[in-house]
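Asks: These protein sequences, in sequence, are chains A and B. In this text, residue positions in the first sequence follow this note's numbering: the first is 1, and each later residue adds one. In this text, residue positions in the second sequence follow this note's numbering: the first is 1, and each later residue adds one.
If you are wondering where the hints come from, they were derived from the structure by calculation, not from laboratory data. It cannot be assumed that every hint is accurate.
Label pairs and their calculated CB-CB ranges [what the hints assert, rightly or not]:
| # | chain 1 | residue 1 | chain 2 | residue 2 | range |
| --- | --- | --- | --- | --- | --- |
| 1 | B | 122 | A | 285 | 30 to 40 Å |
| 2 | A | 322 | B | 17 | 22 to 32 Å |
| 3 | A | 156 | B | 92 | 52 to 62 Å |
| 4 | B | 112 | A | 221 | 45 to 55 Å |
| 5 | B | 122 | A | 364 | 38 to 48 Å |
| 6 | A | 392 | B | 71 | 39 to 49 Å |
| 7 | B | 115 | A | 429 | 25 to 35 Å |
| 8 | A | 429 | B | 122 | 28 to 38 Å |
Ideal Cβ placement from N, Cα and C applies to all residues, glycine included.
The residues making up each chain are set out below.
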Amino acid sequence: MDFAVVQVLFQRFLFRHFIIMNKLPNWLLPCIALLVGLLILSMVFILESDTLLRFFQETWETLKSVLYTQTQWLILFLLLVLFFLFVHVSNKSINKSVYVLERLTHGDFTARSNLATSGVIGRLGSVVDRFAKKLQASNVNLQQDIQDRENELKREQVKDEAMLNSIGDGVLATDKEGNVVLFNKVLADMLGWRSEEVIGKKLVDVIKMVDDNGAVIPSAERPLAHTLSEGTTSSFVSYYERKDKSIFPVSITVSPIIFQNEVTGAIAVVRDVTKEKEIDKAKTEFVSLASHQLRTPLSAINWYTETLLSNGRASEFSPQQKQFVERIYESSKRMSELVGSLLNVSRLEMGTFTIQPEVVDLMQLARDVIKEFEPEFSKNKHSFVFSGDDTIPPMRLDKKLTGIIFQNLLSNAIKYTPDGGNIELLIKKEDASVRISVSDTGLGIPEDQKDKIFTKLFRADNAQRMDTQGTGLGLYIVKSIVQKIGGTIGFTSQVGKGTTFHVILPLRTDGIFK
Amino acid sequence: MGTQDQKRTILIVEDEKALLEILKTNLEESGFKVLTTTNGVEGLEALKKHQVDLVLLDLLMPLMSGFDVLEEMGKKKIAVPVIVLSNLGQQEDVNKIKASGAKEYLIKSDTPISVVVEKIKSQF
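Generate coordinates for the entire structure from the input sequences, incorporating the hints supplied.
Replies: See below:
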C-alpha cells in the first residue's frame with residue numbers, strides 16, 4: 001500500500017475521531033474516570049489483603065526486572081504515554097478549529113472555534129475564526145453582487161422584451177438548432193400563435209411557409225436553415241401560414257447571431273406585406289389595363305400616318321406637311337414601344353409573363369433580330385460585327401423573351417454609340433452555358449451610377465443628356481428576363497470608351513428555362 | 001376558286017371604326033375586295049353569304065368575340081384562312097389562337113400596316 005494512501009486514511013480516521021470527540025458532551029469523561037476508580041476500589045475490597053500484597057510485590061518485582069532489562073522500551077512507553085496525554089489535552093481545542101473548517105467547507109460561514117487559550121493551538125483557533133469571519137463577510141458581499149447583477153439582468157431583459165414588443169415588425173430568434181427562443185407580440189398577433197406555444201419548439205415544425213403556388217416549402221429549403229448553416233443574411237418575400245391555416249405574404253430578413261465567430265442562432269424580422277402586395281397588384285393591373293387601352297388609339301395613329309406617308313399620297317404634301325406627318329409617325333411609334341415596355345414590365349412583375357419554351361436555333365434567332373436592326377446600323381454609320389458559334393446545339397427556350405434580350409441590348413448599343421462607332425454581338429458556347437456579349441464604343445456608364453443601371457426607370461446622366469427618349473425600362477426588363485430564366489447578366493464599362501454587356505444563359509438542351 | 005385576275009375577297013371583322021377604315025383603304029389599294037363587319041355575329045353571317053378568301057379578325061368585340069368566331073368556324077368546318085389582328089399580347093391568348101388554327105397573330109400597335117398587307121398577300 002502506498003504510504004500517501006495510508007497517511008490520508010489515517011488523517012481521515014483522526015479527523016472523524018476528533019469530530020466525534022468534539023461532539024461528545026463535556027460531563028462524559030469525568031463520569032468514565034469515576035466509574036474506573038470505583039471498579040479498582042471494589043477490586044481491593046473483594047480480594048484478600050495478603051493476596052493483594054503478594055500481587056503488588058510480584059508486580060513490583062516484574063517492574064524492577066523490566067526496568068533493569070528493558071530500559072529503552074520503558075522510555076518509549078513513557079514517551080507514548082506522554083504523547084497521548086498531550087494529544088488528549090490539545091484534542092478538544094484542535095477539534096474545535098477543525099470543526100470550524102469542516103463547517104466552512106459545507107458553506108456554513110457562521111461557525112467559530114472561540115478558543116481563548118494562548119499558544120499554538122489558541123493561535124490556530126483565532127486564525128481559523130478570523131478566516132471564517134472574512135469568508136463570511138466576502139460571502140455576504142458576493143451574494144449582494146450576484147443579487148445586483150441578477151436584478152440588472154432582469155431589468156435589461158424586461159427592457160429588451162418591451163423594446164422587441166414595441167417594434168412594429170414581427171421579430172423571432174432561434175438557437176442554432178432552430179428552436180424558437182424569442183417570439184414577439186407583433187409576430188404572435190400576425191400568426192395567431194401565442195408566444196408560449198411557439199417558444200422552445202422548432203420554428204419549422206410550428207409555422208409553415210408556402211410559395212407563390214401555395215406549396216409548402218420544405219424546412220431544409222427555408223432561409224432559416226440556410227442562415228444557420230451558412231451564416232449569411234437573406235431577405236425574401238414569401239407566405240406564412242397562420243394558426244387558422246390562412247396564408248399571407250411576408251417580407252422576411254433572416255440574419256445569423258454570431259458569437260465568437262460561431263453561428264449560435266438566427267434572428268428574423270418579419271413584415272406583413274399584404275397591403276403592399278395589394279397596392280402593387282393594383283398598380284400593375286392599372287398599368288396593364290392602361291397600356292392595353294392605349295394600344296388601340298396608337299394603332300390608329302400609326303396606321304393613318306403610315307398610310308399618309310405611303311408613296312401614293314406623300315407627293316400631295318408640301319415638304320413641311322410631309323415632315324410634320326413624319327414627326328407624328330415617329331412619335332407614335334415611340335409611344336407604342338414605350339407602352340410595349342410598360343406592358344412587359346407589368347407582366348414580369350405580375351408573373352403573367354409565362355415562359356413558352358420551344359426548340360430554337362439561338363444563332364438563327366440572333367440573325368433575325370440583327371436583320372431588324374440593319375437599317376438602324378446603316379443610318380448611324382455603325383460598323384456592326386456578329387461573331388457566332390455554330391457548335392451551339394438547338395436549345396429549348398422562349399423565343400419571344402430571348403428576342404427581347406437581344407433587342408434591348410442592341411437598341412441600347414445603337415442609341416448610346418455616336419455615329420461611326422463600332423458595335424459587336426458575340427455568342428459563344430462555354431462549358432455548360434452560352435455567353436451573349438454586346439459591346440459598343442459608346443458613352444459608357446459613369447462609375448458612380450453603375451450600381452443603379454438595372455434599376456427600373458433609372459437612366460444614367462450622360463445617357464439622358466444624349467438621348468431624351470429612353471424609358472429606363474430596357475435593362476430592367478433584360479435583367480428581369482435573364483433572372484427569370486436562370487441566367488446572369490453583368491457588364492464592364494468605361495466612360496467615353498464603351499460598354500460590354502454579357503448575358504450567361506445555362507445550356508440545357510432539355511429545357512433552358514425553368 | 002378565283003382565277004389570277006379575279007379579286008381576292010378579304011373579310012374584316014373589327015369593331016374599331018378608325019382601324020376598320022384604314023385597313024379597308026390599304027387592302028383595296030392593294031387590289032383586294034373588302035367586306036367589313038363590326039362584330040363576330042355579323043362576321044359569321046358574312047362568311048355564310050359570301051365567298052371569302054381570308055378573314056382578318058379582331059379579338060375583343062361586342063356581341064361575339066374573335067375567340068368565339070374561331071370556335072364556331074371550327075365547329076362548322078369553315079376552312080377559310082384567318083389572320084388575327086389584336087392588341088392582346090398575353091401568351092395565353094397567343095396560344096389559344098394558334099391552337100385554333102389561325103395563320104398569323106399580329107399585334108396591331110407593333111405591326112406597321114404595310115406588314116399587315118404583306119402578310120395577307122403572302123397567304124395567296
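Asks: All the hints need checking, so say for each whether the structure fits it.
Replies: Tested hints:
Checked against the hint of 30 to 40 Å, the pair residue 122 of chain B and residue 285 of chain A passes, with Cβ atoms roughly 37 Å apart. In this structure, residue 322 of chain A and residue 17 of chain B meet the distance hint of 22 to 32 Å, their C-beta atoms being roughly 26 Å apart. Restraint check, residue 156 of chain A to residue 92 of chain B: a C-beta distance of roughly 58 Å satisfies the suggested window 52 to 62 Å. For residue 112 of chain B and residue 221 of chain A, the Cβ-Cβ distance of about 49 Å falls inside the hinted range of 45 to 55 Å, so the restraint holds.
Take residue 122 of chain B and residue 364 of chain A: their Cβ atoms lie about 20 Å apart, and the range 38 to 48 Å is violated. Residue 392 of chain A and residue 71 of chain B have their C-beta atoms about 40 Å apart, which keeps the hinted 39 to 49 Å range intact. Between residue 115 of chain B and residue 429 of chain A the CB atoms are about 34 Å apart, so this pair conforms to the stated range of 25 to 35 Å. At about 35 Å, the beta-carbon gap between residue 429 of chain A and residue 122 of chain B stays in the expected band of 28 to 38 Å.
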